[in-house]
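*Asks:* As a plain string of letters, each chain reads:
Protein chains: 2
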Amino acid sequence: MQELKERIVKEGKVLPGSIIKVDGFLNHRVDCALMSRMADEFAGYFDISKVDLVLTAEASGIALAAVCAYKWGIPMVYAKKAKSDNIEGGLYQSEIYSYTYKKKVTQILSKEWMTEKNHVLIVDDFMANGEAVRGLCELVQQAGAELIGIGIAVEKGFQGGGDRLRAMGLNYKALAVIEKADETGIVFREED
Amino acid sequence: MQELKERIVKEGKVLPGSIIKVDGFLNHRVDCALMSRMADEFAGYFDISKVDLVLTAEASGIALAAVCAYKWGIPMVYAKKAKSDNIEGGLYQSEIYSYTYKKKVTQILSKEWMTEKNHVLIVDDFMANGEAVRGLCELVQQAGAELIGIGIAVEKGFQGGGDRLRAMGLNYKALAVIEKADETGIVFREED
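From first to last, the protein sequence lines are chains A and B. Using this note's numbering, you'd call the opening residue of the first sequence number 1 and step up by one each time. Using this note's numbering, you'd call the opening residue of the second sequence number 1 and step up by one each time.
No lab work stands behind these hints: they were computed from the structure. It is possible that part of the hints are untrue.
It does not matter which identical chain is used: a pair holds within one copy or between any two.
[Unchecked claim] With a cut-off of at most 27 Å between alpha-carbon atoms, the simulated DSSO-like pairs for lysine-lysine come out as follows:
hint, residue 1, residue 2
1, K81, K180
2, K50, K180
3, K81, K102
4, K103, K80
5, K104, K10
6, K50, K21
7, K50, K83
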């Protein structure tokens with residue numbers, strides 16, 4: 001998505017360790033008009049008429065997922081990070097490793113809000129190692145729901161998460177795939 | 001807002017301690033079409049033409065704030081919960097007490113994304129003791145921005161947070177004010 005790539009180049013910051021900050025329009029301050037155009041891009045790639053639930057992860061995926069779900073006329077649900085070891089019943093759970101916080105995190109989702117009847121599109125703002133999305137896929141599987149696809153705004157292609165999902169044959173689309181990011185600049189992968 | 005009250009009565013659950021669960025449409029699974037109609041209700045109360053930034057708190061306020069900001073054609077920004085004691089510079093900070101987690105939480109917001117030029121509407125899904133919103137007001141004050149108003153979806157009127165804001169003369173609107181919630185049912189406050 002050309003507009004997204006241009007915003008990343010213009011407004012993104014590359015920090016040491018190839019950390020890419022796009023918190024001016026994606027995941028702190030959020031440009032909701034851009035979110036809407038990203039929803040349109042996803043709708044050009046996935047068959048949204050088959051989707052009845054948008055699934056994302058707390059917290060930074062929520063804004064994009066909410067605008068997508070609003071535009072597509074369907075509900076969204078977000079997996080929460082478990083706050084304690086005492087997790088109540090009635091929940092799907094997945095264990096993921098958070099590279100941001102350098103610890104294991106448990107994602108939880110109430111069984112009431114996703115079932116085997118759902119046809120789910122996972123939407124998230126960022127994909128690096130892909131742990132959050134791996135956990136979301138597990139939740140979909142636990143529910144027995146159908147996974148229609150996975151739509152990501154920005155993929156850090158050099159961290160392998162997206163390629164693992166592609167290799168699994170999943171219906172996966174990232175709107176901008178960053179191949180390299182350092183002090184010399186940002187290089188995007190050619191469109192697949 | 002009649003529709004919201006009906007959804008609370010029909011789908012909400014009252015747990016011991018007057019805890020009200022509305023996680024089927026507001027803050028776990030999210031009915032984004034309802035969020036849109038709530039945005040319209042806020043737009044009927046506040047002068048949105050004066051607002052250039054929607055401010056909310058991570059995580060459960062984000063979906064409502066994102067749909068509001070999308071419909072009003074302005075950006076939104078969310079205060080994050082600080083994850084460690086080592087908070088980097090360039091941030092506004094407010095200390096609040098979380099009754100949910102029974103501990104102090106630091107809300108942070110990058111100084112880049114709210115300044116003295118902004119005219120801010122605070123939007124949140126829930127108001128109980130009002131600590132989160134009190135912290136958000138502090139962030140607005142630190143920025144030197146203008147606070148246009150505070151819009152809340154569901155207020156637990158019996159916990160006093162909303163009344164404190166009213167007493168301060170702030171431009172405050174909650175779309176449903178719950179006066180009482182126990183095993184006998186849910187009672188709403190009459191419209192002001």
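*Asks:* All hints are to be evaluated individually against the structure, with a verdict given for each.
*Replies:* Do the hints match the structure? See the list:
1. K81 to K180: Neither way: K81 and K180 sit 30 Å apart in one copy and 30 Å across, limit 27 Å.
2. K50 to K180: Answer is neither: 35 Å inside a copy and 41 Å across each miss the 27 Å cutoff.
3. K81 to K102: both (14 Å within a copy, 17 Å between copies)
4. K103 to K80: both (16 Å within a copy, 19 Å between copies)
5. K104 to K10: neither (34 Å within a copy, 37 Å between copies)
6. K50 to K21: neither (33 Å within a copy, 30 Å between copies)
7. K50 to K83: Cα proximity of K50 and K83: none, with 34 Å in one copy and 38 Å across.
Taken one by one, the earlier hints fail for this structure at numbers 1, 2, 5, 6 and 7, listed in ascending order.
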